[in-house]
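In this note's numbering, the protein residues as written are 1 to 263.
A portion of the hints provided could be inaccurate.
Computed cross-link-like contacts, DSSO-like style, restricted to lysine-lysine with a CA-CA straight-line distance of at most 30 Å [unchecked claim]:
| # | residue 1 | residue 2 |
| --- | --- | --- |
| 1 | K153 | K261 |
| 2 | K236 | K261 |
| 3 | K236 | K153 |
Derived from the structure by calculation, the hints contain no laboratory data. Being a predicted model, the structure only gives us computed values, none of them experimental.
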Amino acid sequence: MTRAAIDALRAERSLLLDVLHSLTDAEWDAPSACAGWRVHDLIAHQASSLRMVVDPASIPAGGGEDFEADAELPVAARRAWSHAEVLGEYEEYSTPAIEALAGAQDPPAAEMLVPLANLGTHPLHLLADALAFDHYCHLRNDLLAPRGPLARKRPDYDLALVPTITWFWAAYPQQGADALTFLDCPVAFRLTGTGGGEWTLSRRVDGALESAAEVAPEPAATITSSTDALVLWGTKRADWRDHVAIDGDVEYATRVLDAVKFI
1 MTRAAIDALR AERSLLLDVL HSLTDAEWDA PSACAGWRVH DLIAHQASSL
51 RMVVDPASIP AGGGEDFEAD AELPVAARRA WSHAEVLGEY EEYSTPAIEA
101 LAGAQDPPAA EMLVPLANLG THPLHLLADA LAFDHYCHLR NDLLAPRGPL
151 ARKRPDYDLA LVPTITWFWA AYPQQGADAL TFLDCPVAFR LTGTGGGEWT
201 LSRRVDGALE SAAEVAPEPA ATITSSTDAL VLWGTKRADW RDHVAIDGDV
251 EYATRVLDAV KFI
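Using the sequences and the accompanying hints, generate a full structural model.
Right, here's the structure in full:
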């Protein structure tokens, strides 16, 4: 299963709380680098996401086809909360949620399938990886400078990249199904840094996209990036052209990279 995600979440919780306990009211109200959300809103998102793990009935159910649109509902409900209330919710529910996810790393619970709208349908144990990705990405890219408004030191801890990359390769074949309908040749990815390795994105005989932790014998192109940069350009927070090297069919790889958007 994905126990590395549990250790990552515990560490990311501690890192985030260190930042949150240092914030001024002006910093809580500052626009984050996540479009449309203040720092306050982004923490409300993370708190409500963790609360949903242990108290789902308390979170507004969107039930739509767009996961991001559904995620906006609990954020909107918390917009008028005080900063202390948002922080308190994160503190109260984060540890119980992480422990609940730790208990979902063994069968049979681990393999229970969970539908997540346009993120796809995934085994329950992968929710820990998804939340580790959420913490890693938001803290470093949306809250902390230089992209975010908070002038704090970037954490040295980067082991959350391991479950982040696990989540990317587990989830993207479903997330990218509509955007990559043109993909008819395998594309290889060489990722460097923590959580790195080699993967191939290709199409199965039944037409579905799939990822494999290996490089295909003759990929149309090989895309090289660091794992940390993948979080940036893969979520469209940065232009992949500033972070990626391509070997092989540049035109084809460009179509693939232009299409990639990971949530």
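Hint-by-hint comparison with the structure:
1. Distance hint between K153 and K261 is fulfilled; the C-alpha atoms sit about 28 Å from each other, no more than 30 Å.
2. Proposed proximity of K236 and K261 is supported: the alpha carbons are some 6 Å apart, at most 30 Å.
3. A C-alpha spacing of about 24 Å is found between K236 and K153, which places the hinted pair at or below 30 Å, so the restraint holds.
Comparing the model with each earlier hint shows no violations; every hint is respected.
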